[in-house]
Structure formats: C-alpha cells, structure tokens
Amino acid sequence: MKWRLARGRGSATGLSGRAAGQGRFVYARHSGALLGSPHLQVRARAPARSPALESPAGISRPRAPPAARTPRTPRAAARDCELRPVFSFQQGDPGLGRTMWGALRGCGGRRPGAWGAWGAWGARGAGRRRASAGSSPGPGPGPGPGPGPGEYSHVVVGAGSAGCVLAARLTEDPAVRLLLLEAGPRDLLAGSKRLLWKIHMPAALVANLRDDRYNWCYHTEPQAGLGGRVLYWPRGRVWGGSSSLNAMVYVRGHAEDYERWQREGAAGWGYARCLPYFRRAQSHELGAGPYRGGRGPLHVSRGRTDHPLHRAFLDAARQAGYPLTDDMNGFQQEGFGWMDRTIHQGKRWSTACAYLHPALSRPNLTAEAQTFVSRVLFEGTRAVGVEYIKNGQTRRAYASKEVILSGGAINSPQLLMLSGVGNADDLKKLGIPVVCHLPGVGQNLQDHLEIYIQQACTLPITLHSAQKPLRKVRIGLEWLWKFTGDGATAHLETGGFIRSRPGVPHPDIQFHFLPSQVIDHGRVPTQQEAYQVHVGTLRGTSVGWLKLRSADPRDHPVIQPNYLSTETDIKDFRQCVKLTREIFAQKALAPFRGKELQPGSHVQSDTEIDSFVRAKADSAYHPSCTCKMGQPSDPTAVVDPQARVLGVENLRVVDASIMPSVVSGNLNAPTIMIAEKAADIIKGQPALSDEDVPVYKPQTLATQR
Numbered sequence: 001m002k003w004r005l006a007r008g009r010g011s012a013t014g015l016s017g018r019a020a021g022q023g024r025f026v027y028a029r030h031s032g033a034l035l036g037s038p039h040l041q042v043r044a045r046a047p048a049r050s051p052a053l054e055s056p057a058g059i060s061r062p063r064a065p066p067a068a069r070t071p072r073t074p075r076a077a078a079r080d081c082e083l084r085p086v087f088s089f090q091q092g093d094p095g096l097g098r099t100m101w102g103a104l105r106g107c108g109g110r111r112p113g114a115w116g117a118w119g120a121w122g123a124r125g126a127g128r129r130r131a132s133a134g135s136s137p138g139p140g141p142g143p144g145p146g147p148g149p150g151e152y153s154h155v156v157v158g159a160g161s162a163g164c165v166l167a168a169r170l171t172e173d174p175a176v177r178l179l180l181l182e183a184g185p186r187d188l189l190a191g192s193k194r195l196l197w198k199i200h201m202p203a204a205l206v207a208n209l210r211d212d213r214y215n216w217c218y219h220t221e222p223q224a225g226l227g228g229r230v231l232y233w234p235r236g237r238v239w240g241g242s243s244s245l246n247a248m249v250y251v252r253g254h255a256e257d258y259e260r261w262q263r264e265g266a267a268g269w270g271y272a273r274c275l276p277y278f279r280r281a282q283s284h285e286l287g288a289g290p291y292r293g294g295r296g297p298l299h300v301s302r303g304r305t306d307h308p309l310h311r312a313f314l315d316a317a318r319q320a321g322y323p324l325t326d327d328m329n330g331f332q333q334e335g336f337g338w339m340d341r342t343i344h345q346g347k348r349w350s351t352a353c354a355y356l357h358p359a360l361s362r363p364n365l366t367a368e369a370q371t372f373v374s375r376v377l378f379e380g381t382r383a384v385g386v387e388y389i390k391n392g393q394t395r396r397a398y399a400s401k402e403v404i405l406s407g408g409a410i411n412s413p414q415l416l417m418l419s420g421v422g423n424a425d426d427l428k429k430l431g432i433p434v435v436c437h438l439p440g441v442g443q444n445l446q447d448h449l450e451i452y453i454q455q456a457c458t459l460p461i462t463l464h465s466a467q468k469p470l471r472k473v474r475i476g477l478e479w480l481w482k483f484t485g486d487g488a489t490a491h492l493e494t495g496g497f498i499r500s501r502p503g504v505p506h507p508d509i510q511f512h513f514l515p516s517q518v519i520d521h522g523r524v525p526t527q528q529e530a531y532q533v534h535v536g537t538l539r540g541t542s543v544g545w546l547k548l549r550s551a552d553p554r555d556h557p558v559i560q561p562n563y564l565s566t567e568t569d570i571k572d573f574r575q576c577v578k579l580t581r582e583i584f585a586q587k588a589l590a591p592f593r594g595k596e597l598q599p600g601s602h603v604q605s606d607t608e609i610d611s612f613v614r615a616k617a618d619s620a621y622h623p624s625c626t627c628k629m630g631q632p633s634d635p636t637a638v639v640d641p642q643a644r645v646l647g648v649e650n651l652r653v654v655d656a657s658i659m660p661s662v663v664s665g666n667l668n669a670p671t672i673m674i675a676e677k678a679a680d681i682i683k684g685q686p687a688l689s690d691e692d693v694p695v696y697k698p699q700t701l702a703t704q705r
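Oh and the sequence shown: position 670 is 670 in the UniProt record's numbering, straight run, nothing missing.
Errors might be hidden in some of the hints.
Within a straight-line C-alpha distance of at most 27 Å, the following computed DSSO-like cross-link-like pairs (lysine-lysine) qualify [what the hints assert, rightly or not]:
id, residue 1, residue 2
1, Lys547, Lys482
2, Lys198, Lys468
3, Lys683, Lys697
4, Lys468, Lys193
5, Lys468, Lys571
6, Lys428, Lys547
7, Lys578, Lys482
8, Lys595, Lys616
9, Lys401, Lys683
10, Lys595, Lys578
11, Lys429, Lys595
12, Lys547, Lys578
13, Lys429, Lys198
14, Lys193, Lys547
15, Lys571, Lys482
16, Lys571, Lys616
17, Lys429, Lys468
With beta-carbon atoms standing in for the labels, derived distance ranges [what the hints assert, rightly or not]:
id, residue 1, residue 2, range
18, Lys468, Val504, 42 to 50 Å
19, Pro502, Val558, 55 to 63 Å
20, Leu430, Thr566, 25 to 33 Å
21, Lys595, Pro635, 27 to 35 Å
22, Ser689, His521, 22 to 30 Å
None of these hints come from the bench; they were simulated from the model.
From the three backbone atoms N, C-alpha and C, an ideal C-beta is built for every residue, glycine too.
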C-alpha cells in the first residue's frame with residue numbers, strides 16, 4: 001500500500017473518492033491548513049480485486065468486458081478532491097473540527113492498513129443525476145476469498161432497514177449463500193463509530209440530511225397543493241439505509257393499521273401476525289412483555305431526559321384533556337408520553353449495527369458497499385441476477401434461488417421499471433424492453449406531511465445555546481469520550497397521538513416535541529431560544545406516484561406525492577394547527593411561553609391557516625406503498641402476501657414500498673418488522689402469531705378526546 005499526501009484544490013464543500021485512486025492511503029487537506037484542521041479528510045483504498053461474475057450451478061455466463069478506464073495523473077486526482085469541514089455540527093465551525101480531530105486521532109486503535117477497508121462515494125452534487133459507481137474496490141469486511149462462480153443463492157439489493165435484516169436472518173442457514181449490495185459506503189471507518197460520528201452521534205442527525213455521501217437527496221416535482229414548492233426528500237444511501245439517517249424514533253403504528261392491511265389484500269399481515277415479529281426484532285431496555293421484545297438484535301430505549309420543556313409539554317397535553325400513555329407501542333397508542341428510540345448506550349442503533357455487523361463474520365455472507373445496481377437480469381420472466389456498476393466497471397452477479405429488492409419506496413420501484421417490470425406503455429416510451437406489464441409499480445405513493453408550530457421561549461433553556469462553538473466542543477468531546485450528554489440523544493423524546501375529530505376510530509394526528517427550532521431540515525442554524533412541535537396527519541387521502549425520468553439508472557425518478565390534493569387533507573391540517581395551539585396555550589407552558597413564531601399570531605382564519613400550511617408544510621420522510629402488497633386479482637398490486645413480484649419468478653420486494661397503505665406513525669419499526677416476517681416466509685418457516693394481546697379502544701367516538 002502506497003502513502004501520499006494530496007493537496008485539495010477548488011471547492012471546500014465535499015470530497016470525491018475518485019481522487020484517492022486505488023491501493024494507496026490518501027490524506028487530502030485544504031491548501032495551507034495544518035494537521036488537525038477541520039478540512040483534513042482521510043480516505044483509504046484497499047487494492048482492487050479482479051471482478052468476478054457469479055452464476056448458479058449449471059448455467060454458463062459470459063464475462064462482461066471491463067469498462068475502459070482513463071489513466072489518472074496525480075494532478076487530475078488532486079483536482080478531483082473536493083473538501084468539506086467534516087468534524088463540525090454546522091458547516092463553517094472550525095473550532096469543533098480542530099478539537100474533535102485531535103481527540104479522534106487516537107480513537108481507532110487500529111493499524112494504518114485497517115483504513116483500507118473504507119471508501120467514499122465518487123461524486124458530489126445533489127442534482128437529479130447521480131454518479132453510477134462508487135470508488136471502494138473489493139467486498140465487505142467478511143472473511144474468505146472473493147465471490148466465485150455459482151456462489152450465491154440469494155442476491156439482496158439495498159443494505160438498509162430491511163436489507164440488513166434479511167442478510168442476517170437468511171444467512172442463519174449455512175446452506176444460504178447471500179450477496180448484499182449497497183450503493184452507498186459502509187457506516188464505520190476503521191471499525192470505529194467515533195470516526196464516523198456524524199452517523200452514530202444521535203444529536204448530529206441533521207448533518208447527514210445535507211450530506212449526499214450518505215443520502216440520495218431526492219426532490220419532488222413542484223407541488224400544486226403546496227404553492228408550487230419542490231420538497232426535499234433525504235433517503236439513506238449507506239449501510240443501514242435510512243435507519244442510519246433518521247431521527248431514531250421507534251413507532252410501530254396502530255394495531256388497526258395491520259388489520260386494514262389484511263382487508264386490503266395482505267392476507268396473513270393482520271396485527272396478530274405482525275406483533276410477534278416486532279417483539280422478535282426488539283431488545284427493549286425495559287424488558288420483555290406482551291408488547292415488547294427483550295432479546296432481539298434491535299436495541300430500543302425510552303426517552304428519559306429531565307429537560308423541563310419536555311415535562312411541561314406532557315403536562316400541557318394532559319391539561320388540554322388528553323390521556324397520558326405508558327407505552328405508545330403497547331396497549332394504548334392514543335395519548336402523550338415518552339417516546340421509544342433506537343438509541344443504545346448513547347449511540348444510534350441502526351439495522352447495520354443491530355443485524356449486519358454481527359453477521360459479517362459468517363462465511364456465507366458477502367456484503368458490498370459502493371455498488372450501484374442498475375437492473376435485474378431476467379431469463380424470460382425468471383429473475384436470475386443483477387447488473388451493477390463498481391469502480392466504473394459493469395459487472396453481474398447471479399442468484400440460483402432469488403433476487404430480493406430492499407431499496408426502499410423509491411429505489412425498488414425504480415429498479416423494477418429499469419428492469420422491464422412496470423407499466424408497459426411507459427417503459428416502451430423510454431425504450432426499455434418489457435418483461436412484465438405491471439401497472440401498479442410506482443403507483444400508490446403515500447407519505448406523511450407535517451408542519452412545525454414554533455413558540456419563542458422566555459428562558460435560555462432550549463438547544464439554541466448548543467450552537468455556540470465552545471458548547472459544541474463540550475458536547476462533542478463528552479460524546480466521543482463517554483457516549484453521554486446532549487450528543488447522546490436526538491432530543492425528540494416526547495410526543496403523542498390523538499384523533500382529529502369525533503368519529504375517528506384511532507389516532508390520525510401525531511406530535512413530536514423538540515426543545516429547539518428547526519429551519520430548512522436543520523440546514524440553517526436556529527435563530528433564537530424557541531421550542532416546537534412537529535405535527536401532521538397520519539392517514540392522508542392524497543396519493544401520488546413515481547415514474548422513470550429516463551432509462552438511465554443514474555437519473556432520479558419523477559416523484560409526485562400530490563400533497564394536499566384533497567379537501568379532507570386540507571381540513572385535517574387545519575385541525576393540526578388549531579389543536580397544537582390549544583396545547584401550547586395551557587398553564588404548564590406559561591413559564592416558558594413567548595410569542596408564537598410560526599405560524600404567528602396574525603394567522604387566525606381558516607383561509608390564513610390554509611395558506612400557512614401550503615407555504616410551510618414539509619415531508620416527514622416517510623415514503624411508502626409504491627410496490628403495494630395485495631392479491632393477484634388487484635390490478636394495483638405489485639407483490640403478493642409472500643412479497644413475490646407478480647407475473648415474474650424468483651423476485652421479491654421487501655421494504656416499506658410493499659405496505660398496502662401507510663401506517664399511523666414512523667416507518668422504521670414497521671419496515672424492520674416486514675423484513676423479519678418476510679425472512680420467515682422466504683425460509684419456509686411457519687408464521688408467528690399471537691391472537692390474545694388486547695388493544696385499547698376509546699370508550700366513545702362521540703368526542704374528539
């Protein structure tokens with residue numbers, strides 16, 4: 001392995017892995033900066049292995065020729081190296097960067113060669129067109145030689161919230177030989193969570209919402225219901241997927257959501273058949289019970305902050321007439337209380353942490369990063385493998401049993417359409433050969449929309465003070481040293497679920513309380529001492545779609561959620577604003593209550609509230625339902641209740657896209673449950689069931705609370 005120092009040129013806003021070349025260790029630093037600068041970046045490359053084509057036994061596959069590669073000069077490599085201040089909570093904060101880098105230099109405990117296992121995505125920019133390949137050669141950190149012909153029984157596309165679960169559960173059987181392909185990088189650097197603190201520090205979650213090394217950075221089409229605005233949709237592109245980027249809120253939804261799935265054609269997916277898989281996945285810090293799991297790989301903790309604003313918010317909700325609930329994932333979702341979180345010992349606990357990393361030592365699992373899958377390969381209507389791009393070379397991997405797509409609600413339908421499975425008329429217009437006419441692919445897009453109601457705080461107790469450079473240093477160093485303090489939580493520790501009006505059978509409005517102010521997805525620092533609640537509807541009636549923009553897999557698809565396209569949704573959001581204001585007006589918040597910042601006291605009439613919602617509502621980052629599960633007789637269904645793609649063979653989809661309808665809450669926990677249950681289906685094991693667990697129902701539906 002060669003070592004070299006590369007001095008960056010040009011923009012100081014990002015780093016291209018292409019600059020590093022292969023088989024050498026690269027320090028790239030801003031011109032004139034000293035060691036310890038926040039502009040210092042470390043990138044390493046293991047020597048590239050020769051590509052291998054995999055095929056099932058008895059099938060002969062021709063090798064695809066490697067793509068031509070242009071020799072790189074050192075000057076060109078340095079020119080490609082764009083830089084970013086990595087060790088800071090906000091861009092442009094050099095103080096924390098210098099201090100944290102000094103602490104981090106001794107954290108890894110690894111020999112220098114260990115850095116060679118990690119690489120960075122090879123292109124920057126959040127536009128619609130993406131780079132097609134990563135820059136990290138070689139396989140994941142599992143042991144053994146590289147893949148050989150006939151090695152894989154299963155190929156799983158996407159190492160996200162579902163893909164990591166499948167990789168771990170399916171390889172429990174030593175007869176399974178599984179290849180897991182992820183477009184983004186690994187979630188560890190030299191085996192250290194500290195060195196990739198922006199992923200693993202809970203309080204740093206907004207950092208990756210603006211960092212397209214780990215984020216697909218999607219955007220919607222202009223939304224007529226939102227005044228023509230284009231909305232930003234961050235989605236995870238890293239081991240762990242969106243569970244490595246999200247706010248770590250663990251919410252299962254309501255039991256009735258799964259009963260509705262059953263009625264919508266997802267036979268075997270009622271609450272009694274789903275609850276055991278929630279429990280099997282979970283290891284709750286409060287121990288096992290009828291609703292909680294105690295021995296699963298997914299560690300879940302309960303909000304426990306002593307921050308006075310969280311307690312005041314719960315008291316205000318009670319004073320407004322709403323019940324408190326001990327466990328919104330248990331017997332009673334309705335009410336307000338402390339939220340469950342996928343945080344363990346002060347660190348984010350993604351599905352990569354919970355499932356993938358413990359399974360990497362298995363010889364029958366190969367996990368790849370920086371691997372961009374461009375299409376599923378078919379022989380007739382039988383899926384036999386995938387084509388992918390790695391290090392600028394097009395390669396193929398074959399599966400003797402099944403290909404499983406776990407790319408999420410955007411990537412999975414996009415990959416199906418690129419592979420010839422979708423609406424035949426749309427595919428023909430783009431010159432894509434049709435394998436199966438399946439018009440439901442990309443349809444039925446559902447998401448949660450939310451609004452921020454913000455109130456000034458009269459006391460200096462919010463997270464606004466955490467923006468100060470010295471405070472950031474203290475928070476960062478405490479987390480790096482002990483994984484404790486304000487860095488060890490995302491601060492979304494209380495919330496609630498209520499019904500919007502009389503007659504609604506179960507909660508259709510959700511609250512997340514935050515003792516701070518969020519502006520533009522956290523990309524803009526807070527402006528003053530303030531607190532806010534994220535409030536939104538849970539079962540909107542506006543339904544959208546996504547389609548291919550072109551036949552180029554690097555192009556982002558056309559995303560059309562059709563937000564607020566029904567009068568029902570507009571009225572429900574009006575209720576969100578009014579009911580939140582009622583809670584914020586209670587006595588418990590009086591000692592902290594300043595002026596209303598958003599929407600502002602001047603917004604009072606229904607027309608004014610509607611205008612505010614259209615101007616400020618944003619995605620809660622919960623896209624789903626684009627490969628709907630249902631019966632083969634349903635013309636909008638894409639997969640059957642066994643997650644098998646209709647009309648083709650040996651192809652499944654397992655992720656949030658197969659939800660028949662969106663659940664009443666955050667999506668990470670239900671997605672993990674889907675993968676746990678699908679793993680049993682794929683392995684042919686009997687479905688778990690628990691018919692005897694009761695669920696709360698309101699005494700009357702004649703009142704709203």
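Q) Quick check: which numbered hints come out false for this structure? A) 1, 3, 5, 7, 11, 12, 13, 14, 15, 17, 19, 21, 22
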